[in-house]
Structure formats: C-alpha cells, structure tokens
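Undergrad: Using the hints provided, position chains X, G and E relative to the given structure of chain C.
Protein chains in written order, with my numbering: chain C, 1 to 219; chain X, 1001 to 1219; chain G, 2001 to 2223; chain E, 3001 to 3223.
Calculated directly from the structure, the hints in this document are not laboratory data. Keep in mind that the hints are not guaranteed to be accurate.
What the hints assert, rightly or not - Below, computed lysine to aspartate or glutamate pairings styled on DMTMM-like, alpha-carbon distance capped at 20 Å:
| no. | chain 1 | residue 1 | chain 2 | residue 2 |
| --- | --- | --- | --- | --- |
| 1 | C | 3 | E | 3023 |
| 2 | E | 3144 | C | 150 |
| 3 | E | 3129 | X | 1094 |
| 4 | X | 1131 | C | 132 |
| 5 | C | 139 | G | 2117 |
| 6 | C | 16 | C | 150 |
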Amino acid sequence: MIKKVMDIDEAISYIKDGDRIMVGGFGLAGYPEELVEALAKSGKKNLTIISNDLGSPGIGLGKLLTNNQIKALIGNYYNWNPDVADAYNSGRIEVKLVPQGTFAEAIRAAGVGIPAFYTPTSAGTDLSKGKEIKVFNGKTYVLEQAIHADVALIKAHIADELGNLVYYKTARNFNPIMAMAAKTTIAQVDKIVPLGTLNPEHIVTPHIFVNIVTKRRNL
Amino acid sequence: MIKKVMDIDEAISYIKDGDRIMVGGFGLAGYPEELVEALAKSGKKNLTIISNDLGSPGIGLGKLLTNNQIKALIGNYYNWNPDVADAYNSGRIEVKLVPQGTFAEAIRAAGVGIPAFYTPTSAGTDLSKGKEIKVFNGKTYVLEQAIHADVALIKAHIADELGNLVYYKTARNFNPIMAMAAKTTIAQVDKIVPLGTLNPEHIVTPHIFVNIVTKRRNL
Amino acid sequence: MEIISKEKARIRIAKRIAQEFNEAKEIKIINLGVGIPTMVANYINNNNIYIQSENGMLGVGPLAEESEIDRQLINAGRQPVTETPGCCYFDSATSFGMIRGGHIDATVIGAFEIDQEGNIANWIIPNGKQLGVGGAMDLVTGAKKVIVAMRHNQNGKPKILKKCKLPITGLGELDMLVTELAVFFFDGQLILEEIAPEIDIDTLKKLTEAEFKISPNLKKINV
Amino acid sequence: MEIISKEKARIRIAKRIAQEFNEAKEIKIINLGVGIPTMVANYINNNNIYIQSENGMLGVGPLAEESEIDRQLINAGRQPVTETPGCCYFDSATSFGMIRGGHIDATVIGAFEIDQEGNIANWIIPNGKQLGVGGAMDLVTGAKKVIVAMRHNQNGKPKILKKCKLPITGLGELDMLVTELAVFFFDGQLILEEIAPEIDIDTLKKLTEAEFKISPNLKKINV
Chain C
1 MIKKVMDIDE
11 AISYIKDGDR
21 IMVGGFGLAG
31 YPEELVEALA
41 KSGKKNLTII
51 SNDLGSPGIG
61 LGKLLTNNQI
71 KALIGNYYNW
81 NPDVADAYNS
91 GRIEVKLVPQ
101 GTFAEAIRAA
111 GVGIPAFYTP
121 TSAGTDLSKG
131 KEIKVFNGKT
141 YVLEQAIHAD
151 VALIKAHIAD
161 ELGNLVYYKT
171 ARNFNPIMAM
181 AAKTTIAQVD
191 KIVPLGTLNP
201 EHIVTPHIFV
211 NIVTKRRNL
Chain X
1001 MIKKVMDIDE
1011 AISYIKDGDR
1021 IMVGGFGLAG
1031 YPEELVEALA
1041 KSGKKNLTII
1051 SNDLGSPGIG
1061 LGKLLTNNQI
1071 KALIGNYYNW
1081 NPDVADAYNS
1091 GRIEVKLVPQ
1101 GTFAEAIRAA
1111 GVGIPAFYTP
1121 TSAGTDLSKG
1131 KEIKVFNGKT
1141 YVLEQAIHAD
1151 VALIKAHIAD
1161 ELGNLVYYKT
1171 ARNFNPIMAM
1181 AAKTTIAQVD
1191 KIVPLGTLNP
1201 EHIVTPHIFV
1211 NIVTKRRNL
Chain G
2001 MEIISKEKAR
2011 IRIAKRIAQE
2021 FNEAKEIKII
2031 NLGVGIPTMV
2041 ANYINNNNIY
2051 IQSENGMLGV
2061 GPLAEESEID
2071 RQLINAGRQP
2081 VTETPGCCYF
2091 DSATSFGMIR
2101 GGHIDATVIG
2111 AFEIDQEGNI
2121 ANWIIPNGKQ
2131 LGVGGAMDLV
2141 TGAKKVIVAM
2151 RHNQNGKPKI
2161 LKKCKLPITG
2171 LGELDMLVTE
2181 LAVFFFDGQL
2191 ILEEIAPEID
2201 IDTLKKLTEA
2211 EFKISPNLKK
2221 INV
Chain E
3001 MEIISKEKAR
3011 IRIAKRIAQE
3021 FNEAKEIKII
3031 NLGVGIPTMV
3041 ANYINNNNIY
3051 IQSENGMLGV
3061 GPLAEESEID
3071 RQLINAGRQP
3081 VTETPGCCYF
3091 DSATSFGMIR
3101 GGHIDATVIG
3111 AFEIDQEGNI
3121 ANWIIPNGKQ
3131 LGVGGAMDLV
3141 TGAKKVIVAM
3151 RHNQNGKPKI
3161 LKKCKLPITG
3171 LGELDMLVTE
3181 LAVFFFDGQL
3191 ILEEIAPEID
3201 IDTLKKLTEA
3211 EFKISPNLKK
3221 INV
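Isolated chain C, as found in the complex (with noise of 0.2 Å):
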C-alpha cells in the first residue's frame, strides 16, 4: 500500500496504458479536474473508464475521447456528451451501460468483498438480457457482478495527512465508493490539514481506503 502526500504528475504516474479507472462526479461537479487534466496530458491510452457520464463534449473526462485515449466506458449516461454515441457508432470505443443505482451498488460490492448481489433494478428491460435472474417472494430480481478498478481518481475537500477524507456538498457522489473500489485510491483534495484536525465523528472516508493525496493547484 502506497500511502503518501505526492504531487498531481508523480500521482497520474501510477497508471498504466490499459488500466481500469474509476473516476468519481456527478456532471461537471466532484470530479477530481486536476487529476483528469493530468491525465489527458500523460498521453495514457487504452484505459477503460468507469464514471458516471464523460463530461461534456472536450470538457472534463470528455478530453480523454477527445484525444483517444479511451478503449471502454462502464457508465450510466453519456447524452450529456454526445460525443460518446458518435465513438461508440463508428466503433471506436466500447461502452456498458449499467442503471445508476445497480452502477454505485456495484463499485461498493466491489470495495467491500461482494462479489455479486440481486437488485431489482432492470428485470424485465433489454439492460438484463443475458444476466442471470432469480425469484424471492415472487419478485423477479437481476444478479449483478461488483466492479472494480486498477485506479481511483477522485475528489475530496479536505484531507488529514493520513488520507482521512470530508467532502463538499452534491460534489460526494461516487466519491467514497469508488476510493473502496480500486487497487490505488489517489484524492485531489483542496486543503491538506494536520493529523488530529479533523473530528472523527466527521470522517467521511477513513484513510483505509486511500493511498495518495495530492493538493489542488489552482482553487
């Protein structure tokens, strides 16, 4: 386990061409802009990304498509970028789509040892053909598998120099499961505070869950 205060190129430098990256945000709010900038600058490719949506066309996550860097999205709604439907139609890029609450339910199973759970959530709609289904109390419900990542990008507002985390506002999203998810958590963060600064009871993610964190330049 990496654990350390490092700076944003030395952070992106753990990841690898063809790695699996969770990136978290909702939209253009919570997503580490920094980390992903970073990223579009490394020239990294082959890299499946497992986020909410991708941006906006050429803003946020959407640069990496934009500079072909992207060989798979697990995602849930990409008509905020329609890029995403022209990669996908000239079969440039593969993309699943999993329903948003199956999506979040899935990257915690993944952090938490659950291989797999029931949900009820697309019984029935073409997004569970081929899974497997099973009946309890006479409600029909769809098994889906945890998903996990190489790496985690994500955002947080405040760390302590453990790694400890606290959040800002709808920017907590997939945030603190994708930093259970992943082999290597990395956090861009707003402010780092000293050990014992933060209140225990406010903790949001504990430092467990990740292993570099790496100071916003620009606020």
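TA: Using the frame of chain C, we list chains X, G and E on its own:
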C-alpha cells in the same frame, strides 16, 4: 410513515407481540438503554430480537430473556450472556447465528433493497450448510439473504427536529444500518436540536430512515 | 389541432401533480426527474414535502439564483440548486439505497410511452444518438409511488399505448399518469380518474390508444 | 512438563508477532483479536501501524486508564480504549466492508486448533455452553494476512493437527502461526521458520501432530 418526537413509552407502544425487533449496540455500548428498559417493562412477548449480542445476564437486552419475552434470536455473539445458551439448550428460544460481517451486510441489504448477496465468509464451514454456493473467479461464495425487521430500536447522540442523526464514538456500530432496515425506526437520542443546527456534511443517518425520535430521560 | 398549448399543458401537469403532495399531512420524500417533473416543485406549498436528488442530497431547495450558484451543489439534472434547513449529503450508493430500498414515497418522471399494462418507456429512443439510462430504472422499481408526467400525445401520435414499442424502463411499475388531458391511476389496468374540462370522454378515447376503465367518481381536472 | 510458563509463553508470542509489524516501512492496518492478540499492541513501537476494531473504529489507542474510561468507546473485546490522532468511527457494515474487502493488512487471532491444510478452528468448542461466532469468519476470509497466536499445546494435547477436529472458521486461510515454541509460515503446507531456543526439532515434532517442512533458513525465535 410516522415522523415525530414522542415520549419513550408512547414510542414503544408501536411494538406488537410477535414483532421482529432490531436493536443497535455492541456489548453495552451503543444500545438504546431506555428503549430496551421500556420494552422490558411493556411485557411485549414472542419477540424476535435481531442484535449483535444479548448484553449480559439480566442486563440490557439480557433482561428481555430473563422476562421470557423472546421467541427467537438472530445475531452473532452470545458468549457474553450465558443465559442464552441455557435458554437455547432447554428449547425455550430459537437462535440463528450469523457471522458478524454477514449480519451487518444483510441488515444493510434489507435497507437498500438488495434481497441477497454473495460473500466469501463462512464458505466451507458449518454456518454455510444448506446455503446456495457459487464460484466466482475460482473462489467459493455463499448466498446470504437480507435481514428485515418490523421495528428498529437505535441509539444516537443528537437528532434534529426532523430526525437527522449523528452518533458518538463506538456507540455508532449497528445503529445506522438498522435504521435503514426496519419498517419503523425509533431513535433514542441524548439531545434534540433545532432544524439547521446540524452541519449537512456531518449527518450520518438522514431523516428519511427515522420515524420516531425519543429523548433519553436520564443522562 | 392542439387542444391546450404546450406551455399551458406543462404547467397544468405540474400543478396537478403538486396537488397530490400538497394534501400530505405527514412527511413525504419525493424525487423529481428532469423536465416537467422539476416544475412540480414550483407548485408545492406544503412543508411536509422533502426533495431527494439521486446525486446525493436530501432537502433540495429551489434552483439557485445567479448570485447563489455553486457549481458543486447541483441536482440530478445538473442544475445549480440551494439547500433547505435540515438537508444532508450522502454518497451515490446510499442515495440509491434510499431509492431501491423503498424509502422514497414518490418519484415523478417523464416518459416517452406508457402502456395499459403499466409499463413505462422513458430511457431510450433507439436512434444511435442516445446512450444513457441514468437512475430511471432504479427509480421506477424502488419508489413507493411512480407518477408519470407527460404530454398526452406527441405531435398528434399517441403515447399511451396498448403495448410500449420503445424499450421499457420497468415492468408494470406505473401508479399514476398525469397528462394535460387526463389523470389515470393504474391498478392492474388504467383507470381514468380525471378529465380535462376542454374535452369529453369520446375525444379522450380517440386520443388514447390504450384501453382504460372510467372511474365511477370521474372528475374534471381542477388546478 | 511445561517448557515455558504460560505467562512467558504469552509474552513471547505477542512480542514475536509485534516484530512482524515493527519492521513495516509503510502504513499497515491491523485487527487484533481477544487474548494474546490484544497483547501484541503492547510491543508495537512503529508509527506506521494502525489498529482497526471491528465494532467500528480505525486508530484504536491503548486501553483506557481508570480516569479515561468512556463506556461508549470500546474495542471488540468490550474493553474501554482511547483514541489516537487521525482515528475515525464508522458503522458495522463499513467496518466489515474493510475486512471482507481485503483492506486490512493483517489480523491476529487466537485459535483452538490449526491443521496442516491451513484450516483454523477458533469459533466454537461444541459443548452446549457456547453460542457465538463474532467476526472470526469474516476476519480469516478477508484479511490479507492471517496470523494465529496460540500456545503450542493445550494441557499437553497437541493443537497443531493433521486435520482440525473442531468446526473450522475458514478453509486454508492461515498465513502464519506463532506459538511459544515455533513460528510457521503456511504456503500450501506448514513451513517451520523459527524454533524456540529451549528445544530441538525432534522435541518440536513430538509436540506437533501436523506434518511440517523445515525452512532452509531456520532460525531461533529471538524476541
């Protein structure tokens, strides 16, 4: 959905004979002392108690056993209260042992609409006998079902007038997940503060999971 | 050709759904989708109603005015919003735990099609230009009450069908359907509860492909 | 008959396991069971080691002195403990998420029996008086490294067996076994890595029912 601040005895009146009752706490930390006391006084019977343990002989939840109010137990560690083994061996109560992590996850599962999940815990042991197993990536997992309840009795530190909750140190334990898993959740709190007093970032249990708030009489 | 203008239709639908919530005597937690559903909030005047947004907030306030905008405080439609007293934040797994776990009293969503079996189609029109499902499938499965807000017809074509043609979002999950022309409950079949003052039942039948029953207590929509 | 007194044996085992952690150059998260495992904390002098307790705390400090006792701040053995800077609290599902999810670097647990297939029996001695499993099964499955701390024999009877007689806690989950007489690694089979200075290998074989290999780098236990 009932949602109000009320007296402990009135809160307990929502429990019926034969109910499945979750009770938060681990040992003697974090269990709702006065709700349990009131339940013992109420004489409600044939209860199924879903809790980590059963306190100590005649103390805390142990009192419900002394009072013959218990029909069945679902939990994981009764060695702190030897009365439980005696009652079980004499056929007075049923006991279902669940590994502590599976117990916690199954309670959360009930709260979040997951009917069943796979876990590696207990695979190959006596506690997985008769359960469905499945292999993922060469490793064996056991299918475990969600644990639901009619009523959850939980302990929190502070509530606001809506029922948003924060906890105190290791008294948190099973309380937040039990709040999610019952049809009616009753929280015993040390203090009730006006709406807007709790920082929205610090709330651990959103009020959506809390039906009744009752203030502890003796602090 | 249009019986009611688009703008009037949208407002009527939003107001009629708000009526449902304005009657609530206990606390209700609701989730509002994008479009007409978001407009419902403008007509709610009941302090018992709390809005959940699936991107991780309970107690969503009105849309933010220019001066209040915080780009890290948005609703699921990516619009900047405000806080209400007692609001709180949580991660996406907890948010959908609330939804899937049956803790949301009602969800209001738009739809492309509805059918007489209570199926809802609202996540995709297969045309190669769309690639997204969002939280729609979770919401229709999980919410205690699923209220669909949509225009009765689309450019004269019926949207309330015998059988959905578009890929469905969930199986028989509809509870209530509000259009500018009618209010239906669904209970194994569509039941017409209210009708617009501008039309009669024969006109409504012509504009509706699906079979429906007529409630013995049929009323006029009154908003 | 006893080669080493009970008290000395317990201290030696705890000290030897602490050595493993005192060498860590990176942060390690460990979970300590009741009994000898708890004593391990007394001999750790490395700031990189953080203790997790499955009842919902990361960063557990020393046992509380009389004046510090807070009944709502306990470890999984129900003992009052203290906080360390940077500690935090979480619910039981998150706590076992850490454990089951493979985020705990090592767990130190006691055991009734160990066998040469790496099985651990530590949750029940069927006698009708015990009714509890606790977190043992989750810990042996989930922790990256499972270290068993136990006396080599029980009243002269072997505890390191060819095959566990008691109900097992997990299948082949053992990584390291420390007794007052020996240190074994497990890698498909038991490998003797260290032996107590008081005995030779023949004596150890007599006191051990299980088959084991001897490491080419065999050392004396040195604590």
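Undergrad: Each hint: holds or not?
TA: Results for each hint:
| no. | hint | in the structure |
| --- | --- | --- |
| 1 | C:3 x E:3023 | holds (16 Å) |
| 2 | E:3144 x C:150 | holds (17 Å) |
| 3 | E:3129 x X:1094 | holds (15 Å) |
| 4 | X:1131 x C:132 | holds (18 Å) |
| 5 | C:139 x G:2117 | holds (17 Å) |
| 6 | C:16 x C:150 | holds (9 Å) |
Taken one by one, the earlier hints all hold for this structure without exception.
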